[in-house]
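*Asks:* What follows is the residue order along each chain.
There are 2 protein chains.
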Amino acid sequence: MKKEKEFKVTPYEVEGEVDYSKLIKEFGVSHIDEKLLNRIKKHTGDLHLFLRRGVFFAHRDMNWLLDEYEKGNKFFLYTGRASSKKSKVHLGHLIPWILCKWLQDKFDAEMWFQFPDEEKFLYKQDVTLKDTAEATYEDMLDIIALGFKPEKTHFIIDTKHAGLMYKEACKVAKKITFSMVKSSFGFTESQNIGSIFYTSMQAVPAFLPSVLKGKNIPCLIPLGIDQDPHFRISRDVMPKLGYYKPAILHNVFLPPLTGIGGKMAASSAEENAIYTTDSPEQVSRKINKYAFSGGQATIKEHRKKGGNPGIDVSFQYLKMFFEPDDRKLEKIEKDYKSGKLLTGELKQILINKINKFLQEHQKAREKAKNQVDKFILKN
Amino acid sequence: MKKEKEFKVTPYEVEGEVDYSKLIKEFGVSHIDEKLLNRIKKHTGDLHLFLRRGVFFAHRDMNWLLDEYEKGNKFFLYTGRASSKKSKVHLGHLIPWILCKWLQDKFDAEMWFQFPDEEKFLYKQDVTLKDTAEATYEDMLDIIALGFKPEKTHFIIDTKHAGLMYKEACKVAKKITFSMVKSSFGFTESQNIGSIFYTSMQAVPAFLPSVLKGKNIPCLIPLGIDQDPHFRISRDVMPKLGYYKPAILHNVFLPPLTGIGGKMAASSAEENAIYTTDSPEQVSRKINKYAFSGGQATIKEHRKKGGNPGIDVSFQYLKMFFEPDDRKLEKIEKDYKSGKLLTGELKQILINKINKFLQEHQKAREKAKNQVDKFILKN
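Residue numbers (this note's numbering), protein chains in the order written: chain A, 1 to 379; chain B, 1001 to 1379.
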């Protein structure tokens, strides 16, 4: 009997090689199947590669959301980013945001983007509010750079918009006990009382548009699966406040460069992730030096036995993010498996793709500096 | 050996006959002695009856506050009122507010008045935010009616001013663990996470003026002794954030009509308290019917043995609140003790005093309706 691999996924820690099928059961979410994909496609015409290739692999209540949409009850999108200087934006962070942008375009949806600038301050001893404020600004540039429509996109910053949010957060908080957060987040009694309260603030954007518009509006939250526990609690609370439970789309983690398994941790070694501000040289160096290879030890052996794309980080990046053309990807896979394509060559394909993406992204990121005010919700 | 009477004083419950000397030891506060009173008098010229007669009986750091004042470092005043429809303003509530008004005049001090409109909502299952908002407005009228200077008085309402307060509350919250609030407030794990966080919000006005003015300003908080635990925690935290510990003046509770001991509970039976909106008839009826008498069972017996002003609620009200003239009070005491003054006569003296006070208060309270906006801090 095969020994089960151990792994851990919480909003505050991701460890080990994640078994996503097991996670689906543990978290009580649903697999995104062909039927659901086809239903989405009916409205969007095509499917984003993140959907086509299983980067978004699980969901809550997507069929209900589409039922509502088909009845003419449009949804809004909500996701967030807890900024800190120690966690620069990397490619993995972009995944839910890019899907949001795609969904905004396809469904003409309002986008609410939360920047909980108190979260890392409350959870990390050495993070200051000045750090999170500066990092929030930087992260906004990355988000704006992805092409969100300013007239349909609203940035809310917890400390800045607390005048709107705190009252709503209290309504949520009244329904959540310490026992509940203790079991969901693994808290102990030495947890500070700000971090204990925090999950209430994270729940607010899922119904704030309904509060502001005075009607119940469905909400869809694309997020990394590790953030699901926050919404497991708030989904229980929201109907008690008279709001719909938000639907959720969950993405897998983009693997760290050093190997499949775990989440690309922005706060760990520089080498483990490609940041949105990396130069072409940095990208080239990181991929060549660190990207875990599924190839063989020597060229001779590789030509003979071929590589294993299933564990090859470069191939996974192409599949999950950078090669949208299914036929091209198939050819790369075939050539790598047969040994025709060498690890160095595969890495070069990825390096070129990433650098092309980052060149455009960084240009848009510069332009975004003049646009920030258009995105921040008027207080 | 005399059995010690049991009593309980927390921000959420006051039970039994309070032994204030014991409370001074338990809470670790200091007695207000003659020396301190004389020091205050040096600056104020006279002493308010609440100080002269021991209604304010304990303090924290008053000597430090006066040291700072004498060095030219002026203090601001802070107190608060957690409104709810089930707790109408009664005479006992007015005690710290009246002292604040007197201190504002004598020390030309800014007054910061907090309305934590989420507190009762978070702590009481059946209180809504609509209830607390409506009650907050009513309570503001009582406070304005006491004569605070609008240009030097700032009302802050937690949900309305959370845009200013939440960020500061997070700084406080980061320094307070669940264990700490558990032991201070007797919380269990079934406490809701809003009420757990709340003490951080209550700490904020004690340093918010320092934040807004960019310099460290001493703070003085007059309050009922039951509210002290909130500040025991925040006084520990504030120096860690670079602010002075606030000084505190503690008042005893105005006894309930039905007898000395305990706090006048606004939420219990109507009969137990005189509300600021009571009519002359209501006052007369309540005092005559319910005010616990230290007199004898019959007039004949009273004439012979005399009354006991120490347990007589009407006498205590005169002493603690309504008869500022020491000689007049002394005469009343003497006559009551000797049996010359009957209970009914003593009650009538009090009824006249209360009704005179309330007539003016209610007139000012009506006028206050046009002044509320001048007092609420501009957001």
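Mixed in with the good hints there might be a few duds.
What the hints assert, rightly or not - In silico DSSO-like links for lysine-lysine, alpha-carbon gap of 30 Å or less:
| hint | chain 1 | residue 1 | chain 2 | residue 2 |
| --- | --- | --- | --- | --- |
| 1 | B | Lys1085 | A | Lys215 |
| 2 | B | Lys1240 | B | Lys1289 |
| 3 | B | Lys1300 | A | Lys160 |
| 4 | B | Lys1160 | A | Lys374 |
| 5 | B | Lys1167 | A | Lys240 |
| 6 | A | Lys130 | B | Lys1213 |
| 7 | A | Lys160 | B | Lys1356 |
| 8 | A | Lys86 | B | Lys1240 |
| 9 | B | Lys1286 | A | Lys175 |
| 10 | B | Lys1356 | B | Lys1086 |
| 11 | A | Lys160 | A | Lys356 |
| 12 | B | Lys1374 | B | Lys1334 |
| 13 | B | Lys1300 | B | Lys1353 |
| 14 | A | Lys124 | B | Lys1213 |
Said to hold, decoys possible - Coverage of chain B stretches by chain A, computed from C-beta distances (three or more under 8 Å per stretch; other residues unrestricted):
| hint | segment |
| --- | --- |
| 15 | 1112-1123 |
| 16 | 1233-1239 |
| 17 | 1295-1308 |
To be verified - Far from chain A, by Cβ distances over 12 Å, these chain B residues were calculated:
| hint | residue |
| --- | --- |
| 18 | Thr1010 |
| 19 | Asn1073 |
| 20 | Lys1160 |
| 21 | Leu1164 |
| 22 | Lys1167 |
| 23 | Gly1214 |
| 24 | Thr1258 |
| 25 | Asp1325 |
| 26 | Ile1351 |
| 27 | Asn1352 |
| 28 | Lys1367 |
Keep in mind the hints are simulated off the structure, nothing from the lab.
Backbone N, C-alpha and C define an ideal beta-carbon position, used for all residues, glycine too.
*Asks:* Each hint should be assessed against the structure and marked as holding or not.
*Replies:* Verification of the hints:
1. Proposed proximity of Lys1085 of chain B and Lys215 of chain A is supported: the alpha carbons are some 28 Å apart, at most 30 Å.
2. Annotation: proposed proximity of Lys1240 of chain B to Lys1289 of chain B is violated, straight-line Cα distance about 52 Å (limit 30 Å).
3. Pair hint Lys1300 of chain B plus Lys160 of chain A does not hold up; C-alpha atoms about 71 Å apart against a cutoff of 30 Å.
4. Of the pairs offered as hints, the one joining Lys1160 of chain B and Lys374 of chain A holds, with about 24 Å between alpha carbons and a cut-off of 30 Å not exceeded.
5. Restraint check for Lys1167 of chain B and Lys240 of chain A: satisfied, since their Cα atoms lie roughly 27 Å apart, inside the 30 Å limit.
6. Between Lys130 of chain A and Lys1213 of chain B the alpha-carbon distance is near 19 Å, which keeps this suggested pair within the 30 Å criterion.
7. Taken as a hint, the Lys160 of chain A and Lys1356 of chain B pair is broken in the structure, with Cα atoms around 47 Å apart against an allowance of 30 Å.
8. Between Lys86 of chain A and Lys1240 of chain B the CA atoms are separated by roughly 24 Å; this keeps the pair inside 30 Å, and the hint holds.
9. Taking the CA atoms of Lys1286 of chain B and Lys175 of chain A, the gap is near 40 Å; set against the 30 Å cutoff, the hint is violated.
10. As the CA atoms of Lys1356 of chain B and Lys1086 of chain B are separated by approximately 26 Å, the hinted pair is consistent with the 30 Å bound.
11. Restraint check: the Cα-Cα separation between Lys160 of chain A and Lys356 of chain A comes to about 36 Å, which exceeds 30 Å; the hinted pair is violated.
12. At most 30 Å may separate the alpha-carbon atoms for a hinted pair to count; Lys1374 of chain B and Lys1334 of chain B exceed this at roughly 47 Å.
13. At most 30 Å may separate the alpha-carbon atoms for a hinted pair to count; Lys1300 of chain B and Lys1353 of chain B meet this at roughly 27 Å.
14. Restraint check for Lys124 of chain A and Lys1213 of chain B: the C-alpha separation of about 28 Å stays at or below 30 Å, so the hint holds.
15. For a cut-off of 8 Å, the count of residues in the segment 1112-1123 of chain B with a CB near a CB of chain A stands at 3, and the three-residue condition holds.
16. Under the rule that three or more residues need a Cβ within less than 8 Å of chain A, the assignment of the segment 1233-1239 of chain B is violated, with 0 such residues.
17. Counting residues of the segment 1295-1308 of chain B whose CB falls under 8 Å from any CB of chain A gives 0; the rule of at least 3 is not met.
18. In this structure Thr1010 of chain B is separated from chain A by more than 12 Å, as the shortest Cβ-Cβ distance comes to about 17 Å.
19. Once the 12 Å rule is applied to beta carbons, Asn1073 of chain B is consistent with being away from chain A; the minimum gap is 27 Å.
20. Non-interface call for Lys1160 of chain B relative to chain A: violated, since the shortest CB-CB distance, roughly 7 Å, does not exceed 12 Å.
21. With a minimum CB-CB distance of about 8 Å to chain A, Leu1164 of chain B fails to clear the 12 Å threshold, and the non-interface call is violated.
22. For Lys1167 of chain B, the condition that its CB be more than 12 Å from all CB atoms of chain A is violated, with the nearest at approximately 4 Å.
23. Residue-level check passed: Gly1214 of chain B sits 15 Å from the nearest beta carbon of chain A, beyond 12 Å.
24. The claim that Thr1258 of chain B is not at the interface with chain A holds, since no C-beta of that chain comes within 12 Å of its own (minimum 33 Å).
25. The claim that Asp1325 of chain B is not at the interface with chain A holds, since no C-beta of that chain comes within 12 Å of its own (minimum 47 Å).
26. Remark: the non-interface label on Ile1351 of chain B is consistent with the geometry, its nearest Cβ contact in chain A lying 42 Å away (cut-off 12 Å).
27. The beta carbon of Asn1352 of chain B is kept farther than 12 Å from every beta carbon of chain A, the shortest such distance being approximately 44 Å.
28. Remark: the non-interface label on Lys1367 of chain B is consistent with the geometry, its nearest Cβ contact in chain A lying 29 Å away (cut-off 12 Å).
The structure fails to meet hints 2, 3, 7, 9, 11, 12, 16, 17, 20, 21 and 22 from the earlier list, while all remaining hints are met.
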